[in-house]
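Visitor: Line by line, the protein sequences give chains A and B.
The working numbering applies: residue 1 is where the first sequence begins, and numbers increase by one.
The working numbering applies: residue 1 is where the second sequence begins, and numbers increase by one.
Don't take every hint at face value.
Stated by the list, open to error - Simulated crosslink set (DSS-like; lysine-lysine; CA at most 25 Å straight-line): (1) Lys246/A <-> Lys82/B; (2) Lys246/A <-> Lys14/B; (3) Lys310/B <-> Lys246/A; (4) Lys198/A <-> Lys59/A; (5) Lys227/A <-> Lys310/B; (6) Lys276/B <-> Lys227/A; (7) Lys283/B <-> Lys223/A; (8) Lys223/A <-> Lys129/B; (9) Lys16/A <-> Lys276/B; (10) Lys56/B <-> Lys15/B.
What the hints assert, rightly or not - Okay, the calculated bits of chain A under chain B, using three or more residues with CB under 8 Å as the criterion: (11) 55-65; (12) 92-106; (13) 116-129; (14) 212-221.
It is worth saying that the hints were derived from the structure and are not from the lab.
Even glycine gets a Cβ: it sits at the ideal position worked out from N, Cα and C.
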Amino acid sequence: MKLLVCVSKTPETTAKIAFTNDNTEFDTSGVSFIMNPYDEWYALVRALELKEATGGDSKVTILNVGPSANDTVIRKGLAIGADEAVRVDAEPQSALYVAKQIAAHAKNNNYDAIFLGKETIDYNGSEVGAMVAELLDMPFISYASHLDMEGTTATVTRDIEGGHEIVEVQAPFVVSAAKGLAEQRIPNMRGIMMAKRKPLKVEEPVEAEDLAVAAQYELPPEKGDVKLVDPENMEELVRLLHEEAKAI
Amino acid sequence: MVLVLAETQKGEFKKAAFELVTYGKQTAEAMDSECVALVLGSATAPEQLGKYGASKVYHIADSALDEFDSQVYTAVVAEAAKQLGAEVVVVGHTSTGKSLLGRLAARLEAGSVPGVNRVPQVGDTFKVKKPVFSGKAFAHYEIKSDIKLLSLMGNSLQPQETGSEAEVATLDIEVPDSRVKVKEVKRMEGRTPLPEAELVVSAGRGMKGPEHWGIIEELAEKIGATTACSRPVADAEWRPHHEHVGQTGVAIRPNLYIAVGISGAIQHLAGVNSSKTIVVINKDPEAPFFKAADYGVVGDLFDVVPRLTKAVEDFKASN
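Starting from the given sequences, assemble the full structure and let the hints guide the process.
Guide: Structure (structure tokens):
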């Protein structure tokens with residue numbers, strides 16, 4: 001079984017969000033970057049588990065679209081257990097651009113399944129998986145919180161509003177990972193050492209236009225001071241919520 | 001023309017569909033154009049979408065569309081957009097809409113912006129705002145393609161009844177076979193799911209254990225709210241995972257968010273700080289959540305919450 005896991009680099013979850021260059025660029029100074037948690041904790045780990053369960057010549061490849069500065073994040077994926085990595089050397093500006101790079105790579109490599117996180121925690125777009133599936137004419141199962149494979153048939157639990165659905169799909173397919181699909185793995189020393197010797201191939205990007213780009217950023221307005229209510233007087237809180245906030 | 005995909009659940013329209021049509025209508029006005037609704041699969045009274053601003057409703061009633069497959073839906077919506085000459089297509093930022101938007105963008109070679117919460121600014125350029133960095137900032141996106149694709153975040157605006165029922169027609173579109181077999185669909189009955197909830201009562205580690213959740217359930221029931229929890233609570237399995245709100249859980253933007261015994265870690269705030277009104281109940285006056293709150297109560301939650309429940313009850317009885 002050949003599995004591809006697409007991984008993205010994001011600011012870590014406690015990073016201070018600020019902008020520079022007249023609010024047109026994210027200010028990366030002092031920000032540390034991590035592998036997008038949905039890609040790492042769920043998509044990658046579930047792909048590794050499937051590989052381990054099938055054994056044989058199964059292989060997990062991770063793919064990132066980005067500059068060489070992303071190699072640290074890619075090496076972490078190798079340390080967790082991926083067999084090889086590919087980096088498409090580009091500075092992506094839009095989801096469709098990224099999806100086209102992934103699709104171009106996947107077209108030449110006949111993967112049985114393509115995994116990615118349900119969204120990145122920076123742009124929260126949730127678009128790339130669907131785009132890749134369309135470009136490759138494959139089924140797309142989004143928000144997977146459970147996935148089993150038997151031969152080429154996958155049974156997937158998909159999170160929907162207020163519940164879930166269970167679907168069956170034949171490989172090849174694209175799947176986006178939600179919480180619950182797997183348990184986070186911490187790389188061990190052996191994994192980290194081995195990662196240094198695993199192949200990381202750099203590929204040239206294909207041409208693609210950016211059709212939707214973030215042109216300007218802004219921070220939310222500062223919240224006014226909190227209005228404290230006497231804990232003995234909850235009638236007052238209800239009154240404020242009704243009359244002032246019009247929330248109830 | 002603005003084409004909106006109005007979703008149904010078991011054939012019934014929910015508030016999100018009316019929000020979407022209202023948004024489509026407002027977008028169409030900004031473009032000096034009209035809003036048309038598309039309905040797929042069985043649906044009760046699609047003509048009602050006219051009340052919220054759809055000048056016409058296209059209903060493709062094929063029962064094959066009762067089950068969702070992103071590939072099938074994409075083929076149908078893309079074809080409808082082409083036949084109708086849509087300039088803007090809007091879907092909901094839901095599990096359905098989010099699975100469609102990217103596919104549509106790839107199929108139509110169109111720019112897309114997911115999770116918008118404001119009407120676009122239309123002039124020489126087409127710009128639209130959306131929250132990014134899990135609600136810690138906003139970005140103004142510019143879409144450069146002829147067809148523009150958007151998904152609308154729930155609770156972004158109130159549905160507005162402006163007109164009367166619309167004419168319902170159908171489109172001649174072949175529905176392709178699905179390669180995904182839906183074996184089971186399960187939804188919890190009764191409560192509004194978190195992403196759509198207007199009122200949310202959420203609790204954290206301050207509760208000390210799952211056995212104390214009765215007071216949260218009672219408060220939620222009296223207000224008519226959906227319950228939620230912080231990440232440590234879901235990780236400790238005090239509450240089910242689908243209740244976890246925050247950066248790595250569900251992101252929500254209700255009208256009212258009541259946080260009980262939650263300190264307000266930055267990852268939690270990221271998922272809830274778009275809420276219109278935030279109430280924080282915590283015994284620690286230094287809890288960081290108070291900085292993000294509109295109203296704060298410093299006190300023991302085991303006293304404060306039952307008191308608040310009682311006050312809500314009295315208020316509801318007298319109104």
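Visitor: Which hint numbers does the structure go against, in order from smallest to largest?
Guide: Numbers 1, 11 - these are the hints that the structure violates, sorted from lowest upward.
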